[in-house]
Amino acid sequence: MSVAKPLPHEAAKLHVTGSAHYVDELPTPRGTLHLAFGLSDIASGTISNMDLSQVRSAKGVVDVITASDLDRPADCSPSNHDEPLLSDGTIHYLGQPLFLVVADSHHAARRAARLAKIDYTKTTPILTIEDALAANSHFEEGPRIWEKGNTAQALETAPHIVEGEIEMGGQEHFYLEGQAALALPQDDGDMVVHSSTQHPSEIQHKVADAIGLPMHAVRVEIRRMGGGFGGKESQGNALAIACALVAQKTGRACKMRYDRDDDMVITGKRHDFRITYRASFDETGRLLGVDFKHYTRCGWAMDLSLPVADRAMLHADNAYDLPNARIESHRLRTNTQSATAFRGFGGPQGMLGIERVMDHAAHQLGMDPTELRRRNYYTDGDTPPKQTTPYGQQVDHFLLNAMTDQLAQSADLTARKAKIAEWNAQNPHLKKGIALTPVKFGISFTLTHLNQAGALVHVYQDGSIRMNHGGTEMGQGLFQKVAQVAASRFGVPIEMVKITATDTGKVPNTSATAASSGSDLNGMAVKAACDTIRDRMAAHLADLHQTDATEVSFVGGRVSVGSAEMSFSEAAKLCYEGRVSLSATGFYKTPKLAWDRIAGQGRPFLYFAHGAAVSEVVVDSLTGEYRILRTDILHDCGHSLNPALDIGQIEGGFVQGTGWLTTEELVWDDSGRLRTHAPSTYKIPACSDRPDIFNVTLWDGENAEDTIYKSKAVGEPPFMHGMSVFFALSDAIAQFGQGYPALDAPATPERVLKSIQKVRG
Amino acid sequence: MYNFDVVRPTSVDEALSALSQEDAQALGGGQTLIPTLKQRLAMPTTLVSLSGIDSMKGVSVDGGVITVGGATPHAVVAGEVADAFPALAHLAGNIGDPAVRNRGTIGGSLANNDPSACYPSAALATGATIVTNAREIAADDYFQGMFTTALDEGEIITSVKLPVPEKAAYIKFEQPASRFSLVGIFLAKYADGVRVAVTGASNNGVFRWAEAEAALSADFSVAAVEGLSAPSGDDMISDLHGSGDYRAHLVKALTKKAVAQAS
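Chains as they are written, first to last, in the numbering used here: chain A, 1 to 761; chain B, 762 to 1024.
Please keep in mind that the hints were generated in silico from the structure rather than gathered at the bench. What you are looking at is a predicted structure, and each value in this text was computed from that prediction instead of being measured. Mixed in with the good hints there might be a few duds.
[Stated by the list, open to error] Within a straight-line C-alpha distance of at most 25 Å, the following computed DMTMM-like cross-link-like pairs (lysine to aspartate or glutamate) qualify:
no. : chain 1 : residue 1 : chain 2 : residue 2
1   : B       : Lys922    : B       : Asp774
2   : B       : Lys799    : A       : Asp24
3   : B       : Lys799    : A       : Asp261
4   : A       : Lys758    : B       : Asp1000
5   : A       : Lys249    : A       : Glu283
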């Protein structure tokens, strides 16, 4: 059976030979037009005059379109209808698209866009958390507040109060393939759109709305993306809509891709957060109550900020049983890019808040941080005592006590701590630090109706299988995992299964490939479709051989029917000749979910994925520089569908999470201009930045819930293992003095140095 | 880019003749100039490539002085002086990336005098002589502030003479994204004293840290630097990659490291 085998990525060969096709590489029809946006140069205000005459007369320009040229408003928002494709005269951020240039080449369009002469009436932009609070610039009516128990009381009488705040920066997705779309006008006004998107159904929906046609007239296709990370969940809408509008108007194919600088300036990023905390602990290190305030800059439009901020609140407990907790979340509207989905979707930010509390408390109480964490963990096991998250979900099948034990042993944590203490005693300028951080991440979309998926499977008369589902491939290996499911259901080798592009014409009403749910949802939908066909085949073959369908088995590319045996191809041919339908759809909806986000109560998640990481770092007190020396990760993928792909996701997630907390720094200047809009100023981790010793192990277990082959989702959870590096840095810095480092993220060398100076007092 | 012509002279005289034309511009390895042209920040009518002038290429070591032809790429310097002047080889071998090191030249770097470039610190710390088609310029007179040098219009750096120190070290704190120096320290110890040149830090380009030189000339030890105050952060570059105060702190910290490494 191909499930659970460490097969390579389905397109690995195409990736490494450069022959994998992305949207920008699709052959385009003759006369294809190319689009570029003209962007705002101020962060807040109105347009008093827009002189586009030089843009219109520039070489290669076919048309220039402003908002007033559109027949109907074109909206790009995934949520709130607050993102006009082109400015309606009001400017919300520096980089906002104001007009659209249509030209005969990509470069002609971009060059011409620079020739606009725009007069603005500037207003004072809201850029910082302070600005937004002062202006009461919130999304929703105000802060969202969830509470469990009586936090005020728990904070009143406690022996130890731990108090502070942590700032954490945003993060640019830096997908290697930038945003891109290609619209091809069809017969009778229909539109085909190739879009580099994690959410083809939304592209279809938004394009249909913009060009004034029912969804049936728009078909969206995507074979693969060169990375998504959440940055292609809603951020592709503008390009697809622009291309479709112009294609409709001109009858010509239209293509658009953002240059990297434009991409970074226009599109949303991870939400930055400030989290303040006040927590109480007893003498043994047990947390009694915690009061969190989350402040996040959502940017100019709502986009996905509400569920992102919700998920931050939903992970304010991480692995810890909080008897009393109050979480207040401020979703602030600012004149910056509209912050959006990014791997973890707010979870990492919320989790970093409670991990900071644990680290701070251990320092203040003089306890070992791992021990203090352990004392606050939820209880392991299938039938633990009643233990609920701050939002009321019972925590069953918790694994982190056992996982922490195993990891501490495999990483030799106790002995290494002793060695590090010895080493530190002998080195005045360099200090090492080590930290173990746990991850418990909730799996399911918190908007419950999104937890559904469809699939379409065909078996041809030669036995080959063509498979389609609503998930998208962005390098994570979803297509291979789902193909393994299909191959396993039919008992055939993986080569018999053809993987095909995601296509809204084949599987409708899909959810974004997001929330780590790709394999969980689409694997189940494909399984359902395959089983439908397999059962029909079994029934027919049983009839032919005068036996019962339960006597038919599909194993090793062979089909046994009672005592008879044939190849799968022969079986397919027999079924075709027997007029059996060899095509089926499959559908899946996640069970057991019930969630009230306003009350903050219910079961938003089917299950939790777990993991833990130990990282060791060395810090240089002269410069603030540091290196990651070793990282050990133990991660829970349930019964892995593909250990090779899962380990790849864990390694990549850790590296990306570490980048968020160390080198990746977004800088806006006082006018609201993003100054880090290219790889020359914004540093993502490279292969050479990973730890020299990097051990990743999968937890040997299976999902207690009935997921696809008992596996667990793996996309987002490992991202948060980067926290182990952050708290190892904190541990190392603390060796230089008595004070608590209270490190902010990203921990650039300059911040580390400041923190060292602070602990020295 | 705007349109321009390219000429490729094979001698210094031909190059000078070509450069005497209006709006002609010398082209070294093009690692700074070509991106500048792509951004349309310059509009020369003619680029005079110096890469075909054999007399301006190569490295020689003679009597304690290393002479590097102005058109010699960094990678060649890194290889040729590995034994004679390891600190210089280390500097040349860590500039930019392989493309920059195989195209970029010492003459181009010094003529451009980018405040974050590596080579100016080596030239200044060694008290190098910048040899042009017309004259010899002492490094102390050559660097005149960010992107400003003593070169006249149309003057070409034909070679650079660097006296080999007794001890030396180059320590670069890289801005991690671009790998330019956030601060770079070139330390060179000679029989008659120590020179410390700092790149990447100052608003005025490469400079010598006089207090450290005096202290180290009297006592070549980390302790000698320890007693100094870091230079003021007020004149230091303050940007998204680091504050002026942080750069000032790094000047002292990296100087100590350089002494420790050279000792």
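Holds or violated: lysine 922 of chain B with aspartate 774 of chain B, Cα cutoff 25 Å?
-> Between lysine 922 of chain B and aspartate 774 of chain B the Cα gap is close to 21 Å, so the pair holds against 25 Å.
Hinted pair lysine 799 of chain B and aspartate 24 of chain A, Cα distance within 25 Å = 23 Å, holds
Proposed proximity, aspartate 1000 of chain B with lysine 758 of chain A (alpha carbon, max 25 Å) = 22 Å, holds
For the pair supplied as a hint, lysine 799 of chain B and aspartate 261 of chain A, is the alpha-carbon distance within the 25 Å limit?
-> 15 Å, holds
Is the Cα-Cα distance between lysine 249 of chain A and glutamate 283 of chain A 25 Å or less?
-> Since the Cα atoms of lysine 249 of chain A and glutamate 283 of chain A sit roughly 71 Å apart, the hinted pair is violated (cutoff 25 Å).
The structure shown violates just one earlier hint, number 5.
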